[in-house]
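Sequences and hints are given; from them, build the entire structure.
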Amino acid sequence: MKITLSILTFILSLQTFAQIDQRRIMASAGRIAKDLTPSAFGPNYIMSYTLGEPFIYVGTPVGLPTKKFFNGFQQPDALIPVGPGTTALMPAAPIFNIYPNPFDQYSIIEAPQAYENQDLKLQLIDAHGKLVHEETMHGTRHKADYSTGLTPGIYFLNIYQITGEFIHQVKLIKS
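Every position in the sequence shown, counted from 1, becomes a number in this note's numbering once 102 is added.
In case anyone wonders, no lab produced these hints; they're calculated from the structure. Wrong hints could be hidden among the right ones.
Capping the alpha-carbon separation at 20 Å, the derived lysine to aspartate or glutamate pairs in EDC-like fashion look like this [stated by the list, open to error]:
#1 273 with 228
#2 273 with 206
#3 245 with 212
#4 223 with 267
#5 276 with 236
#6 232 with 247
#7 232 with 221
#8 273 with 212
#9 276 with 218
#10 276 with 237
#11 232 with 212
#12 245 with 218
#13 245 with 221
#14 276 with 221
#15 273 with 236
#16 276 with 247
#17 232 with 218
#18 245 with 206
#19 223 with 237
#20 223 with 247
#21 273 with 218
#22 273 with 237
Since the model is a prediction, treat every value here as computed from it, not as a measurement.
Here's what the structure looks like:
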């Protein structure tokens, strides 16, 4: 009887453990780029970093594979290692200055010197994903005229090379 009771207690404790969800926020970031060698403190990951999108690591019951959930979009110019004992060598991201923000009639776009002799494509996308304005930028400084047909709201300015390669995205607010 004692053996049966001990076995039953052990089985019930396993079932209780199997229903525990050990959630922890690993980073406020996008998706996992690749796994690294685990450290003494646990697994290490390199993640593409995007503010506002939580990454949740869920521990699962013994014997089942670990689940990794991700949310958001990949930020191609910034890989951030997450976890103890890792270091980051961040590639230099192009810095575009776009002002004023919020804007009313126009925006000034200043590109890094690396784009001085290149033409860049500018696309203004509304909050619904519709292309509302498109033009080409020549040189490192450009005044984009948005005086006709834009309603107040949130817009995304996408900057591409003429070949179509994505470079940068900025959220703009029309007042």
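Quick rundown of the hints versus the structure:
1. 273 with 228: holds (10 Å)
2. 273 with 206: holds (14 Å)
3. 245 with 212: Given pair residue 245, residue 212 holds - Cα atoms ~9 Å apart, limit 20 Å.
4. 223 with 267: holds (10 Å)
5. 276 with 236: Holds, because 16 Å separates the two Cα atoms, which is no more than 20 Å.
6. 232 with 247: Since the Cα atoms of residue 232 and residue 247 sit roughly 18 Å apart, the hinted pair holds (cutoff 20 Å).
7. 232 with 221: violated (23 Å)
8. 273 with 212: Holds, because 15 Å separates the two Cα atoms, which is no more than 20 Å.
9. 276 with 218: Measuring from Cα to Cα gives roughly 28 Å; hence the hint is violated.
10. 276 with 237: holds (18 Å)
11. 232 with 212: violated (24 Å)
12. 245 with 218: This hinted pair holds, its Cα atoms lying about 15 Å apart.
13. 245 with 221: With a Cα-Cα distance of about 14 Å, the restraint between residue 245 and residue 221 holds, given a limit of 20 Å.
14. 276 with 221: It is violated: about 25 Å lies between the C-alpha atoms, which goes past 20 Å.
15. 273 with 236: holds (15 Å)
16. 276 with 247: holds (12 Å)
17. 232 with 218: Given pair residue 232, residue 218 is violated - Cα atoms ~29 Å apart, limit 20 Å.
18. 245 with 206: At roughly 13 Å apart (the allowed maximum being 20 Å), residue 206 and residue 245 satisfy the hint.
19. 223 with 237: holds (6 Å)
20. 223 with 247: Holds, at roughly 14 Å.
21. 273 with 218: violated (23 Å)
22. 273 with 237: The hint holds at about 17 Å.
The structure is inconsistent with the numbered hints 7, 9, 11, 14, 17, 21, although it conforms to all the rest.
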